[in-house]
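**Q** Going down the list, the sequences are from chains A and B. Here this note's numbering is used: the first residue of the first sequence is 7, the next is one more, and so on. Here this note's numbering is used: the first residue of the second sequence is 33, the next is one more, and so on.
Derived by calculation from the structure, the hints in this document are not laboratory data. Check before you lean on any hint, since a few could be wrong.
[Unchecked claim] Result set (DSBU-like, lysine-lysine): computed pairs, CA atoms no more than 30 Å apart in a straight line:
| no. | chain 1 | residue 1 | chain 2 | residue 2 |
| --- | --- | --- | --- | --- |
| 1 | B | Lys-42 | A | Lys-601 |
| 2 | B | Lys-46 | A | Lys-228 |
| 3 | B | Lys-146 | A | Lys-703 |
| 4 | A | Lys-227 | B | Lys-175 |
| 5 | A | Lys-737 | A | Lys-369 |
| 6 | A | Lys-208 | B | Lys-146 |
| 7 | A | Lys-578 | A | Lys-562 |
| 8 | B | Lys-175 | A | Lys-201 |
| 9 | A | Lys-610 | B | Lys-178 |
| 10 | A | Lys-208 | A | Lys-642 |
| 11 | A | Lys-227 | B | Lys-39 |
| 12 | A | Lys-172 | A | Lys-201 |
| 13 | A | Lys-208 | B | Lys-175 |
| 14 | A | Lys-611 | B | Lys-146 |
Single-letter residue listing:
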Amino acid sequence: MTIVKTQLNRRSFIKSSLLTGGGLVIGFNWLAAACSTNTSKPQAIPDEWFEINGYLKIGENGVVTIMSPNPEIGQNVKTSMPMIVAEELDVDWKNVLVEQAPLDTAIFNRQLAGGSDSIKQSWNGLRIAGASARKMLKDAAAKKWNVPVDEITTELGVLYHKNSGKKAGYGEVASAAAQLTVPKEVELKDLKDFKIIGTSKKNVDGQKIVTGQPLFGLDYKKEGMLIAMIVHPPAFGMKLKSFDATDAKARPGVKDVFQIKIFNDDYKPQWCDTTSFTELVAVVGNSTWEVMSAREYLKVEWETFADHKLAVAGWGADQIISVPGGLESTADHNSKMTDAAAKPGKIERRDGNPEDAFKKAAKVIERTYTAPFLAHTPMEPMNFFAEVTADKAVLVGPIQSPEFMEKTLAARLGLPLEKIDIQMTRMGGGFGRRLYGHFMVEAALISQKMNAPVKLIYSREDEITFGIYRPAYHAVYRAALDANNNLTAFHVKMGGVPENALHANRFPAGALDNYLAESWAIESNISVGAMRAPGSNFNAVAEQSFLDEVAEAMGKDPIQLRLDLLKRAKEKPVGERNDYDAARYAGVLELVRDKSGWGTDATKKNRGVAAYFCHSSYVANVLDIELVNDEPVVQKVYAAIDCGIVVNPDAAINMTEGSIVDGIGQAMYGELTFSKGQPDQNNFDSYRLIRHMEAPKEIEVHFVENEIDPTGLGEPPYPPVMGALANALYKATGKRLYNQPFSKSS
Amino acid sequence: MAEFNLKVNKKEYKVDVDPSTPMLWVLRDHLNLVGTKFGCGIAQCGACTILLDGFAVRSCITFVDSVGDKEITTIEGLSENGDHPLQQAWIEHDVPQCGYCQSGQIMNAAGLLKANPHPTDEEIESAMNGNICRCGTYTRIKKAIKTAANSQ
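Chain A with its partners taken away, still in its complex shape (with noise of 0.2 Å):
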């Protein structure tokens, strides 16, 4: 049991004059009717609800309300926070009904999905949470029964005076504890005491999903809803002209169709807003297929835009950048990319000397990695919900970054940020595109002008030509290998449009005498975002791969070679800012050594391994193929994983699960080109994502046990994946693969 003092949290405890009554969130009365039906196990509701804090409620019957504050991308987090209060709470799970929260500052910390950071970021936070409204409800029982507070335990939503037999369960003392002021000092359990963190639960919204009940953006309505659409340019580079509405406007169920602009002059955009796209049409009508259809007749003029310079808020400062004129084409950015790759980059590390290492070696190998746009194609298209008024703006939908657009709404709509309600609906994945809400701007526009309730949808051509890419990347990495096969130097020099992948302080920095690390970017006017492990998305393929290179030169098992360098990490790490734990790398690679039979099981033939550590988190995999009429079929994957403390283990494994096909989907598949900046793919036809067939037969996954604090899993098992993948694709084919999606070279 840890006493921990709960001032640096108390703004969770403020008692929200938005949670009152049963009516927890505004006008949201579909979402509340649909919550109380169809949980698998059916809990009588109470006839009275007490709001003990901001994160939960208690009904006079025992059932208890927590309120899930992050957005709910599929990473299940809408499971697994409430587990943490409900834990400390000390209540039975079954008596647990999960609601989404609104966004509310005042309450919550961090409402975000993004960086795997939910529950790494909020663990102490909802334990807090918790634990302070189990304290109060033993404070209500001590006076109750007139005995001190010390005497009293509680287990699984039962209080308890031994002394005297008393007992009451949460229900009878809710309204009594609802009265009492927050406690300045709780208790945590200890791990040992855990009762549902450590053990799977199902996910909260499992039921309503396969029974189809609304639940997300796309499915929000409201009484007097318009629907609408935006037409935005067809090639980045260009903007609006002019446009002719006279034939769409005569279409049936047509209200309107009016020129928007999603951002005020002088309004400095933040790293959440977009800027390739500003001026759009809107088309607003009755029903969804109708303004689909108008929409073929609306005629749209656009002309291409000069260099110019753009003033944006900056982390800190404001910023000046440069958005280049022009349309843009793979084959320019190709070409762009070897060049720069054969000047010079910027110096991010270096250790030793490297170029000395490099001039000495008996053995240079040097590879070139390649990989190109990809857009994020989470499900459920781009949409969201907007009732704008004079004093007031509701918006319902689905948004990974409510607090940031929040802003972005309040300077674009002149509301302050209190007249602003935001609510979440799930979100039919995210994977980042969801961070750059946009589409919610848009709505509001739409909204005001129409002085209606609005829905705002994308169709899946609208999205995927829209932007917010993960770039296109290039690297060169090269190794120094002396006469005894030692490695001594290791150089990489990570490029890309209009970003690099570069992370220069990770493994193998820190490991090697003498490295050097350089970054370039080719400028662009073609909008990036953050996608699903940004950065490491690209560079754990390429290194991983070229670590597999390094090692057979070397004539290194490459589990070892990563191993050997990783304990030279530990015992005499060069330089200081290596950004990862030596051990625990060191601890997967072993573990998954250990459960996969590398080396051992002679049986497996073409198999790959990788290692990465990204969003703190730690990944080894070892991926097997098999041959099949001569064509390589992933057969199984193990993942290795240190994520510390795993909250929910079956949920875990799903996500690994997830993020293991969907690796090897972006690294054999995905793929976005452009010709005179039109984007060449724009739906599931042309723009391929992996399906059942090419999903691994099976996933073994396994966790380091440990008491580490939870760290995430959303993004960490991505990257590595591809690594292995193509590790052993050489092994079952004989070649190397450098350039993705690998469909393409294998």
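Please build the complex by placing chain B on the supplied structure of chain A, with the hints as guidance.
**A** Chain B only, in chain A's frame:
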């Protein structure tokens, strides 16, 4: 605009829509059945899968004027109490991540099991190949289909 009589989940409905309206949008916008999802609009992702007289079809390209008096089943009508063997198996294996594709996956699987009650792994993969899961729950979907098949 024209009037159509439709049989959906064993109920009769009358809608007044353009004949070229895909059933996907008739269901979502006019019948308030939003379990059937929009993913691509060109029958490439399977999120819009419904059953038409028990056969799995993509509702995004099934126009309302082609349905006639065929029986439409959507995810909401797969079972009365959400306890179809596939739905139960999906819960048993805790399949969904984001959940958006799962209605389409389940309906397609329902069509598969009706035509082929005990499919092999290869038959499952092949029949389900038109249903994309962006979150990558394919291995769990396959396990759930086998569980549902074995329970029948």
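**Q** May I ask which of the numbered hints given earlier this structure violates, with the numbers listed in increasing order?
**A** Violated hints (numbers, rising): 1, 4, 14; every other hint is consistent with the structure.
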